[in-house]
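*Asks:* These are the residues of each chain, in order.
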Amino acid sequence: MADYRQMWSDLGMDLDKHDLLCEALPDAFQGVYLSQENRPQGMDFFNFVVSEIHGVRPAELIEHQKAGGKVFGTFCVYVPDEVIFAAGGIATGLCGGSQFWVSGGEKVLPANTCPLIKASVGARLDKTCPFFRIADMYVGETTCDGKKKAWEILSAEVPVHVIDVPQMKREKDIEAFQGEILDFIKIVEDFTGNKITPEALAKSIKLINNKRKALQRLYAARKAAPVPISGKDALLVTQIAFYDDPARCAEMTNILCNELEQRIQAKEGVFPADALRILVTGTPLAIPNWKLHHIVETAGAAVVVEESCTGTRYFEQLVDESGSTIEEQVGALAERYMKTNCACFTPNPGRIDDIIRLADEYKVDGVIDVSLQFCNLYSTESYLVKQALASRDIPIMHIETDYSEQDYEQLRTRVEAFLEMLRK
Amino acid sequence: MHKTNYSWYILFPNHHQGLRLSRELKKQGLKNTIVPTPRAASSCCGMSLMVDSAELEIIREIIAEQGIVIEKIVKLPVKEGWQYRGI
Chain A
1 MADYRQMWSD LGMDLDKHDL LCEALPDAFQ GVYLSQENRP QGMDFFNFVV SEIHGVRPAE
61 LIEHQKAGGK VFGTFCVYVP DEVIFAAGGI ATGLCGGSQF WVSGGEKVLP ANTCPLIKAS
121 VGARLDKTCP FFRIADMYVG ETTCDGKKKA WEILSAEVPV HVIDVPQMKR EKDIEAFQGE
181 ILDFIKIVED FTGNKITPEA LAKSIKLINN KRKALQRLYA ARKAAPVPIS GKDALLVTQI
241 AFYDDPARCA EMTNILCNEL EQRIQAKEGV FPADALRILV TGTPLAIPNW KLHHIVETAG
301 AAVVVEESCT GTRYFEQLVD ESGSTIEEQV GALAERYMKT NCACFTPNPG RIDDIIRLAD
361 EYKVDGVIDV SLQFCNLYST ESYLVKQALA SRDIPIMHIE TDYSEQDYEQ LRTRVEAFLE
421 MLRK
Chain B
1 MHKTNYSWYI LFPNHHQGLR LSRELKKQGL KNTIVPTPRA ASSCCGMSLM VDSAELEIIR
61 EIIAEQGIVI EKIVKLPVKE GWQYRGI
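As they're listed, the protein sequences go chains A and B. The opening residue of the first sequence carries number 1 in our numbering; numbering runs sequentially from there. The opening residue of the second sequence carries number 1 in our numbering; numbering runs sequentially from there.
Since the hints were made in silico from the structure, they are not lab data. Keep in mind it's a predicted model, so treat the numbers as computed, not measured. Just so it is clear, CB atoms sit at the ideal spot from N, CA and C, and this is done for glycine as well. Don't take each hint at face value.
To be verified - To give an idea of the interface, some chain A residues facing chain B are shown, with a C-beta separation under 10 angstroms as derived from the structure: (1) ASP19; (2) ALA24; (3) GLY31; (4) ARG39; (5) PHE46; (6) VAL50; (7) VAL56; (8) PHE100; (9) GLU409.
Said to hold, decoys possible - Straight-line Cα separation of at most 20 angstroms, SDA-like style, residue types lysine to any residue; simulated pairs: (10) B:LYS31 x A:ILE255; (11) B:LYS75 x A:SER35; (12) B:LYS79 x B:SER42; (13) B:LYS31 x A:ARG39.
Isolated chain A (complex conformation) (with noise of 0.2 angstroms):
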């Protein structure tokens, strides 16, 4: 067996408390994943990613820093990679999906903190995820009020650059995205020691947009029924895709959607062609959150769309690749990033849209609406959505949970009865 604890040891990481990490991954993903039937050969190298995750990629990382690479640790889908990739660093994610680190962040935050907050500053705290001490820098942003005084405490441990998110959506709102984006092409350059030429960003906007069509035509293929690939499956596709290699995430998401769209033509499926649909939207589900797939999926219905940061907020807009000039490049940036719809902009109108189109798109039978416990950005907007959805006739739940097992069961006989409303 591979044996990465001299690699963590060196990173400064806590080996006892993270082997209790090491030791709850595998029988998770046997019970979530591999319980799983018929699921699609090209999983495999997901399974991969998963089984070596503290291991692979970090080790790739720091042979990048080794040499004279820079490694940039990320939070949010407002984050520009493209100029990481330009200046030569490499963006990453970050730690933050699971309850294992909650009590670490809990020590410096308050307890009615989002869970992604509190594990994410636990994750760093606690020193049991590689990410974190790989970094060299970390990017955050401006999309709530409890990231923003994160920043502050993480800062004290490494670099931290804060990207301005303006709040509206106003012409000049986009301008100012412009001017963030200078800024941070700036910030990166400095950090690199490497200049961003146009030639190097039209490369990496390309780069990127590579790794957003993959996705994109990975949500196609969830648009079929029988549906073809689990929405469990589909998400970890999209979770990995924030710390794999972009070209490598692209390439290996394009092979398990040729066999997807062979699934198709044969009318093969993971679900019964006529099981439920379910589209979840909200916060997102980071790695290895997996409850409430877990939960609506083993209940018989398949989630086939997630309209989240962890799904089509992530990739469904491209960046406009004809920009010869570092100005038109950064323009089509700010354009791209600012069409993704989250709650942290008043007023949100884009994402209620963005939900009704892709309920029609595929073919939903309902709507689960999940917020993460104390995520009053999209706990509060859950009451627009609800509106718009009724007033179409489009079943919606909300669910406000957090990464413990504590509601599983609670959770489990709301999700039951709302499947079972759908079926009358």
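Keeping the supplied structure of chain A fixed, place chain B upon it in accordance with the hints.
*Replies:* For chain B alone, kept in the frame of chain A given last:
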């Protein structure tokens, strides 16, 4: 009488060897799944291959023919009635 079902896992000294064997088995149409190594098989984190017990003999031959280095082959009882447990 309750019959225990078993799963078979092949463990490797590193993932390169595991991926080599997985590719080779797929090429030959032999079922295998990359999985996180169960703790009962090893205390080290990383991948192993879950294979079909009926194909173990031919898999052993392929390992020898291709010069793939493995650590061990482990048989573990399949856990029944798993209850959801997050990580």
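*Asks:* Against this structure, judge whether each hint is valid.
*Replies:* Consistency of the hints with the structure:
At about 8 angstroms, the closest approach between the beta carbon of A:ASP19 and any beta carbon in chain B falls short of 10 angstroms, and the interface hint on this residue holds. For A:ALA24, the suggested interface contact is upheld, since its CB lies about 5 angstroms from the closest CB of chain B, less than 10 angstroms. For A:GLY31, the suggested interface contact is upheld, since its CB lies about 4 angstroms from the closest CB of chain B, less than 10 angstroms. Taken as an interface hint, A:ARG39 checks out: its beta carbon lies about 8 angstroms from the nearest beta carbon of chain B, inside 10 angstroms.
Interface hint status for A:PHE46: upheld, as the beta-carbon distance to the closest one in chain B is roughly 9 angstroms, under 10 angstroms. The beta carbon of A:VAL50 is positioned within 10 angstroms of a beta carbon in chain B (closest approach about 6 angstroms), and the interface hint is therefore held. Evaluation of the A:VAL56 hint against chain B yields a held restraint, the C-beta minimum of about 6 angstroms falling below 10 angstroms. Using the Cβ-Cβ criterion of 10 angstroms, the hint placing A:PHE100 at the interface with chain B is satisfied: the shortest such distance is roughly 6 angstroms.
Nearest Cβ of chain B to the Cβ of A:GLU409: about 9 angstroms, under the 10 angstroms cut. The hint holds. At roughly 18 angstroms between alpha-carbon atoms, B:LYS31 and A:ILE255 fall within 20 angstroms of each other, so this suggested pair holds. Between B:LYS75 and A:SER35, the direct Cα distance comes to roughly 18 angstroms. Compliance with the 20 angstroms bound is thereby established for this hinted pair. Note on B:LYS79 and B:SER42: the hinted pairing holds, with a Cα-Cα distance of about 17 angstroms set against a maximum of 20 angstroms.
Taking the CA atoms of B:LYS31 and A:ARG39, the gap is about 12 angstroms. The hint holds against a cut of 20 angstroms.
Every hint from the earlier list agrees with this structure, and none is contradicted.
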